[in-house]
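Let's have the full structure, built from the sequences with the hints guiding it.
Residues per chain are reported as follows:
There are 6 protein chains.
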Amino acid sequence: MQSRTRIWTEVDYERDGKQVDWLHLPHSVTRSAYGTIAIPVAVVKNGEGPTALFTAGNHGDEYEGQVAICNLIRELRAETIRGRVIMIPALNLPAALAGTRVSPIDGGNLNRSFPGSPDGTVTQQIAHYVDSVLFPMADLFHDFHSGGGSLAYLPFASTHEGPDKEVNARGMAALRNFAAPVSLHWRQGADPRYSPGAAMKRGVAALGGEFGGGGSLNRAGLAFAEEGLIRHLRFLGILPGGAPEPRPTRMMEVPDQACFVYAPDAGVFEPATEIGDGVRKGDLCGRVHFVDDPARPPVSVFFKRDGIVVCQRHPARCERGDCVAHLALDVD
Amino acid sequence: MQSRTRIWTEVDYERDGKQVDWLHLPHSVTRSAYGTIAIPVAVVKNGEGPTALFTAGNHGDEYEGQVAICNLIRELRAETIRGRVIMIPALNLPAALAGTRVSPIDGGNLNRSFPGSPDGTVTQQIAHYVDSVLFPMADLFHDFHSGGGSLAYLPFASTHEGPDKEVNARGMAALRNFAAPVSLHWRQGADPRYSPGAAMKRGVAALGGEFGGGGSLNRAGLAFAEEGLIRHLRFLGILPGGAPEPRPTRMMEVPDQACFVYAPDAGVFEPATEIGDGVRKGDLCGRVHFVDDPARPPVSVFFKRDGIVVCQRHPARCERGDCVAHLALDVD
Amino acid sequence: MQSRTRIWTEVDYERDGKQVDWLHLPHSVTRSAYGTIAIPVAVVKNGEGPTALFTAGNHGDEYEGQVAICNLIRELRAETIRGRVIMIPALNLPAALAGTRVSPIDGGNLNRSFPGSPDGTVTQQIAHYVDSVLFPMADLFHDFHSGGGSLAYLPFASTHEGPDKEVNARGMAALRNFAAPVSLHWRQGADPRYSPGAAMKRGVAALGGEFGGGGSLNRAGLAFAEEGLIRHLRFLGILPGGAPEPRPTRMMEVPDQACFVYAPDAGVFEPATEIGDGVRKGDLCGRVHFVDDPARPPVSVFFKRDGIVVCQRHPARCERGDCVAHLALDVD
Amino acid sequence: MQSRTRIWTEVDYERDGKQVDWLHLPHSVTRSAYGTIAIPVAVVKNGEGPTALFTAGNHGDEYEGQVAICNLIRELRAETIRGRVIMIPALNLPAALAGTRVSPIDGGNLNRSFPGSPDGTVTQQIAHYVDSVLFPMADLFHDFHSGGGSLAYLPFASTHEGPDKEVNARGMAALRNFAAPVSLHWRQGADPRYSPGAAMKRGVAALGGEFGGGGSLNRAGLAFAEEGLIRHLRFLGILPGGAPEPRPTRMMEVPDQACFVYAPDAGVFEPATEIGDGVRKGDLCGRVHFVDDPARPPVSVFFKRDGIVVCQRHPARCERGDCVAHLALDVD
Amino acid sequence: MQSRTRIWTEVDYERDGKQVDWLHLPHSVTRSAYGTIAIPVAVVKNGEGPTALFTAGNHGDEYEGQVAICNLIRELRAETIRGRVIMIPALNLPAALAGTRVSPIDGGNLNRSFPGSPDGTVTQQIAHYVDSVLFPMADLFHDFHSGGGSLAYLPFASTHEGPDKEVNARGMAALRNFAAPVSLHWRQGADPRYSPGAAMKRGVAALGGEFGGGGSLNRAGLAFAEEGLIRHLRFLGILPGGAPEPRPTRMMEVPDQACFVYAPDAGVFEPATEIGDGVRKGDLCGRVHFVDDPARPPVSVFFKRDGIVVCQRHPARCERGDCVAHLALDVD
Amino acid sequence: MQSRTRIWTEVDYERDGKQVDWLHLPHSVTRSAYGTIAIPVAVVKNGEGPTALFTAGNHGDEYEGQVAICNLIRELRAETIRGRVIMIPALNLPAALAGTRVSPIDGGNLNRSFPGSPDGTVTQQIAHYVDSVLFPMADLFHDFHSGGGSLAYLPFASTHEGPDKEVNARGMAALRNFAAPVSLHWRQGADPRYSPGAAMKRGVAALGGEFGGGGSLNRAGLAFAEEGLIRHLRFLGILPGGAPEPRPTRMMEVPDQACFVYAPDAGVFEPATEIGDGVRKGDLCGRVHFVDDPARPPVSVFFKRDGIVVCQRHPARCERGDCVAHLALDVD
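Residue numbers (my numbering), protein chains in the order written: chain S, 1 to 332; chain F, 333 to 664; chain Z, 665 to 996; chain D, 997 to 1328; chain X, 1329 to 1660; chain U, 1661 to 1992.
Derived by calculation from the structure, the hints in this document are not laboratory data.
Be aware that a few hints might be false.
[To be verified] Okay, the calculated beta carbon distance ranges per label pair:
#  : chain 1 : residue 1 : chain 2 : residue 2 : range
1  : F       : G608      : S       : E75       : 28 to 36 Å
2  : D       : R1000     : F       : A501      : 50 to 58 Å
3  : U       : E1739     : F       : R336      : 47 to 55 Å
4  : U       : G1849     : F       : R347      : 43 to 51 Å
5  : D       : W1004     : Z       : A959      : 18 to 26 Å
6  : D       : I1226     : Z       : G940      : 53 to 61 Å
7  : S       : E75       : Z       : D855      : 21 to 29 Å
8  : D       : R1000     : S       : D191      : 54 to 62 Å
9  : F       : E342      : X       : R1515     : 49 to 57 Å
10 : F       : E498      : S       : D283      : 13 to 21 Å
11 : D       : I1226     : X       : D1434     : 54 to 62 Å
12 : U       : A1918     : F       : G608      : 55 to 63 Å
13 : D       : W1004     : S       : G203      : 52 to 60 Å
Remember, predicted model here, so these are calculated numbers, not experimental data.
Just so it is clear, CB atoms sit at the ideal spot from N, CA and C, and this is done for glycine as well.
As structure tokens, then:
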């Protein structure tokens, strides 16, 4: 028997108009015996039509989507739309308030927790609600990410390649319409522990993307996130005016695990490249320095294939095994 | 009675040759009753001549100087110099290993702890050693900083304006010789709790500077830190070849407290500018968003004078009272 | 295959006489490789007869039952009884010693952990022992609670409405015999994650109740808990003298979720009522004040139905989503 | 040389009108290199006249004064007053936001930290600002306390007996005018580490008082705190209408250390009295129960003199050495 | 459907030669979004032949095996062997680096976590990898333990008695060949949550043993661990020279739970015996002293059967329920 | 002005008879606003005569003295003595209850905190009480130590060489009378931050000693501590029977800093010697192994002079700079 979510809300997803309220996740702890975690949610609805589901704050230290969705919540008016827009700007609320990737309550990484569980940890309960309550309502799902505190990224929107070609095709169409400066196709398959993979298992076209990184707010990434949200709504017919003009995007892909480079020791990592650089197999990726033992020579690490550097570790201090860079390839 | 440092070392500052060893700061705790904190130090000496003192890792999350000094320690050969170079790449070692601004042991901010105390906290003992043992040996002191994890900076070298004009003049000459792309003059007086202010009280020409920020390693900042270290040694006559060619630098200053802007509430800060932008008094500096309460409008904050944005808060999440930006002015 | 509890004890539940000993829950950790958590248990038995199971300290910050059961353990003599009394005054021992609702070891809320698991966390193992070893022995189960550190309560004994009418009837009879000044009937169904719900699934008549709150010890609640324990034993025939004289009790119920009011923001909550007050739908429940930003007006929250205030948040500081009050209704 | 406070504010204490802003205490830490702690302050001024200084949140878990002062800040209008009112509702802001007695930053108890230090810990810097900047402006100082999370109190206003009779007399006059239901005279001398003692050393009439306790908000205590604030302003002539009508108050005193009773062991404390009870020397004060070892008899503790119970420990769990009760005496 | 391990490595278990590299366990957290935990692994292989699997650091505070295996990794040359040796010196790497029994990441006790789970906690993922990837390759498995920080041990090698007689016999033969000064036979059955029990379920002959304890490195234990490793390799024919000369060992067993003694209260435990002593049922095992309450007499605890003391609690401070000693018996 | 201790007690040091009570150190914190730390103290007095002061638990993880003094407290009868014995078995009570060297409250190492301060941290207040209240009463002071959790020791009693020859002579006489199997003379001067150094500044003959180590309870060390306490009392004439028979002791000394060896890197330290071994300058002291990187060769460290190994680091894991061994020399 599949038990049901314990999360409740005063929001009525079927009511016309704009509602901005909270999802209440019961969390009975010493400081609050009948406490709930209040996750903000907004629904704007007008009559029949498709449903768009926009989320951010899946990881708490990724900010462009949080701000873009907050702005959209305040600006969108029910009168001007047809259909429904569900928006959650701070999905893993405890992490968003702490500015951390994982939940400070249970250490959970929400984007490794799908499809979740109604009786699991706080993070698993959030995943379960999205998966069991929201995905079934949605026609398009876009979960906005960035590199978070630990990774700097060349900003892009993305889609994953899942097992269902029809779902893949709808996702790719949405990605091309969104038309970020860079669009990335993750070839390694849609891991169902991630929100897009979970949505695609439910048949929902799903996008992601890294709109910045380093724990900062990327103003360019925010700008095209906001623009892209409007393009989504026009593309779906929720906002009037018809599908947006096509716009070019640089299409890239991450073909395999050899794109990733890991720190060979703990210390201070000095990168040998900048984000956006093209590299060849065997090129120096960077060096780890030992500042507590300066007579010890630094240790070098090299790229394992050709590609474009789209991601680098942001904090200079690293532990052995940290990803320090990854590559992508242009799709011709 | 002024008690003496409890820090000991097997390094002999008067011995010719290269020594790379550790300062031992006794730290008797549960995990090690007779423990010491082993702070790396290097001395390269050859005969008589001036003494340069280079430090980094005063704040543990500032990396360009840590790497530049480690590289110099390994590369510098006693045979090629005249005089002495003392180098400490990770001055607040516990903070450097933790990648934090302040010490994980005592919470101490080393750059607010001068002149320190021989019986105080670990951080105060480090300050006291530098102040009472190393400053008296030095002709030039350069402490390499960056914005750390919380601030992004337009990289520059800097000097403070202290009460002694002759010391100020020597500092300004060293700054011009160092010739970073940007040089900054802190007009607010040399606070003696900071390492440069403490050195200047001892009559030592003292430089600082922010060579990057955000908790990352700035490759351009590292490059001119390394170049500048060599320029210092040639300028002092420690390395042969005579004083370096003069080189232009953009000279800036921070005239007053009105240059600084603070967050008006806790939330996600969206900056309205990029580092390097020129702004006018009353221009929007940024907005604080409330992602847990998206119906609440963001709060704006404005610049209080004209200037160039040389510093911005790096992490998007802020608390009320955090510095979110500061300005500098070109010195014509 | 259902694995068995790993908890062992030198207590023999079938032996006549009084035994006061410990349940040993193996807990292999750094500070004690072969450690056990020693949960106190007492068994008083004399010949054949019914079994009463009394527990407290399910939540560690709820004290009336802990003291009442300790007193009963010391005072009860095997010679005077017929049947068996099993008493555990500090069921979630780590929480009881820490004075916290949830376990300091695993964060577990024991009263959301039934039926537990023999290989789960410490808290889940305790739940599993009670459910699989003790409930099958019991004719009556009474788990003594209070509001804990976060809630102040009008003291009462209570029973839940479960799916089995015969079990419900036995519970209601025990509740009326217990005859607390107030008796409360939870209408929302017996959640099997709670101890009474789990006991009722096993066919055991089960009572609960809130005998005080605020993290303090309520002397009146303690007095009627102690009196009620004796009434239970006489009612079951374990103590001689026959069933106690009937005694009036104010019978109340909590009909629905609209009885509960939640904090609309984080801050200092000023209640508008006292416990015991009667209120109408729309009455002010209280206001949240922002002491870090005193120019910001407080936010009000209102009752959503008529009722009697039986519970209020005890600590003034609250987070958004905390329960700040709940209502009950008099029956007939 | 006495160094000066590093706390700055945009408030101008000499400007007419109402200003609600923040004191900025520089706090340079990893999460914010140029951070400040923003402590709210309000000044309402109109022309010449006396200055009243009202503070709360000296201990963060004491709430009546925090709310009363916030309300006064919003309600007071400069046009209606003569003189000046300075109000700080959350003096130890980090403790107030955490709901703790002591600062979560440095563990400091602000009310044991006067006269403070401009270069000390955060808590010491707050004390120093109040002592060196605000006390010299004030004619009357009232610091609102309660029992906090650990003590329940019979609410009262209070004054301390200091070495200066004239200052004592002004304090006693203000106490009688404030006219709380109970007024308490601390006979043990004004400890200058406490805010009232420090103010009295500066010649300022100073009141305190415990307006509730247990970490809750006492509605009766709040009501007479609010009333008393208005009575203060009329008494000083800051608000018009002349001195308030005299009103009776029950005057009590705490004559000596024998009034205090301490827990003889760690465990669950069961009090034998209620607040307000009269007791005789040798009466039972309470018992400590050992819920982890229920066969061990509880340990009793007794009153050491006659008196009225005005204070009891609120949380039932105690450690050996905790104050579990204290007495006061009626002054006839 | 059984999902597969997410741990990857560049080691090829089928390749001839010596490889020393890392297992990468993906661990996506705030400080490293694409981080991995890098667990060292070495494989030495030459042609066909049996496979020996040697592990240590299953508990991080047990050191003899960690050092013995590191030494073997550096010394073993592929040319001299026939078959394969797989060595992991720090299996629960996070615990080994922290010097703790359980993982500092998830609190997991690896030796209670078999067979593990590919999607579980970090510790469960390590167990799953060993169980699902390594055990199927192995002919002999030896996991080196000691008493860790909390227990002092008479050093020995050991085997467990499992349900499969043939596997038991191979284990006993390996134990006799290993020929530690003491060999111990755990009679209570091979718990499959422990690594040897899990290996035996897979049909792998499995040894354990306690080579020291107290959190220290036992030089004698290290010596016979190193010797025993070579004896294993010769016994299996992986190293040339034929099976080693038989050597006497003192064979002991732990027959039942009555061998174990537990602390009767929290305090300072004073043992009445030394490790190696023979005791009789009823002999004093030790006393718990109450140093915070010295008037309270110490509490004594006694042995429950005859035997040899092979294990004692190492730290003097104990909690009620800690194992303070256990016995073994000579097998004649 | 020297302020006075805030510590109070109901013990009367001038009263005849046996008193076992507590010193109350006021500690006002969130969990107890009027809390005190209750440090046990015992005074046994009969008429006029000398005063012996015995303390243990100065470091909380050192146990022989704690138990020896508790036993003496219970066994000593006032009728049998002449003079006074003051005994504190757990001087740094918070550390003793936590089993840590330093205080869990303030991190203070009591034996680096003399002469302390009446308004300082908890640890400093304890030091100040001993120094200002107890030392002035004492004729002989013995503070019992061991190696604690981090160091294993060859047990001995010891005295320090201070500047006052007469005090030194009395200490040496007491050391010879105490007649431990080994007696050690610290030549480096009596550091007044240590309890013996502080006592000697007050003119009190003062002994120390390491009666065991490793965080365990050394039964042999306990035995001669208990015997020595009686010898002290007979030597002083407090117990009857005259001065004890002289008894041989092995007299050793620690002449200089070259006796100490420090870890050259972080890792697992494998000692090359056992405690009690004689070594020569240049002999191998041990090796640091890198279990996370087993291909990296271990780093060796050597003795810097001849001597006897009297102390070794107990836990195998070390950080660079930890003391791993120290030597002493026989005094012929």
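Q: If any of the earlier hints don't hold here, list their numbers in rising order.
A: 2, 4, 6, 7 and 10
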